Amino acid sequence: AQTVTQSQPEMSVQEAETVTLSCTYDTSESDYYLFWYKQPPSRQMILVIRQEAYKQQNATENRFSVNFQKAAKSFSLKISDSQLGDAAMYFCAYRVPYGGATNKLIFGTGTLLAVQP
Amino acid sequence: DVKVTQSSRYLVKRTGEKVFLECVQDMDHENMFWYRQDPGLGLRLIYFSYDVKMKEKGDIPEGYSVSREKKERFSLILESASTNQTSMYLCASSLDTLAGGPGELFFGEGSRLTVL
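Taken in sequence, the protein lines are chains A and B.
Everything in the first sequence is counted per this note's numbering, starting at 72 for the first residue and increasing by one.
Everything in the second sequence is counted per this note's numbering, starting at 1064 for the first residue and increasing by one.
Hints are computed from structural coordinates only; laboratory data are not their basis.
For clarity, every value in this text was computed on a predicted model and none was experimentally measured.
Be aware that one or more of the hints could be misleading.
[As the list claims (entries may be wrong)] Pairwise CB distance ranges, derived in the manner of DEER restraints:
id, chain 1, residue 1, chain 2, residue 2, range
1, A, A142, B, M1090, 34 to 40 Å
2, B, R1136, A, Q85, 22 to 28 Å
3, B, K1066, A, L183, 22 to 28 Å
4, A, A185, B, R1175, 20 to 26 Å
5, B, E1080, A, Q127, 51 to 57 Å
6, A, A72, B, G1126, 43 to 49 Å
For glycine and all other residues, C-beta sits at the position ideal for the given N, C-alpha and C.
I would like the entire structure built from these sequences, with the hints used as guidance.
Structure representation (structure tokens):
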């Protein structure tokens, strides 16, 4: 069964600094999607960034980028120039690309990121 | 923008009560999901639906049922609420079809249920 592991329950970063959140996963599939979702306090969860496993190039979205290491089954999120609004719970998630009953996301346990002014 | 609306942000119920959690999406998505979020456990899938009247059990369906009579609405039902069902419940929808898709979920704001 596929699993997603986030080994850092909490992290802290100074405003304007860079922080990296870790995620590892276990799968026997060769094609899949990986996601990072952000859940701000008392607000809805939103997608931060998405990576397709067949793409070797790491995804980037403004200040957010990933380090995707397929062989190591590692998918870390780097936040550059951290802002107070980045404070949130971050979830790593995995999904196979097929349709039907298998198209569900599997989530990690989350990393709570605090941003210090 | 996609909007997923959950009818209640906060609910307090008594043990044994029947509880309905409602979710509506406005983007004609075929797939809808109910997740449960607990500290240290992340999000766990309760049920999902890939079409009207179609449903599939997720990882923790025990004690829950769902209803999808219309495409835009997906309801989670706790037939007889218990204290161990105190949790945050998240509804989501996705653009994916039976053939697949980009996989992104759009979430509601969540319903925090307390069962006394």
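These are the hints, each one checked on the structure:
1. A142/A with M1090/B: 34 to 40 Å: This hint holds: roughly 37 Å between Cβ atoms.
2. R1136/B with Q85/A: 22 to 28 Å: Violated, at about 45 Å.
3. K1066/B with L183/A: 22 to 28 Å: With Cβ atoms ~26 Å apart, the hint holds.
4. A185/A with R1175/B: 20 to 26 Å: Holds, since A185/A and R1175/B (Cβ atoms, about 22 Å apart) stay within the stated range.
5. E1080/B with Q127/A: 51 to 57 Å: Holds, since E1080/B and Q127/A (Cβ atoms, about 53 Å apart) stay within the stated range.
6. A72/A with G1126/B: 43 to 49 Å: violated, 22 Å
Checked against the numbered hints listed earlier, the structure breaks hints 2 and 6; every other hint is satisfied.
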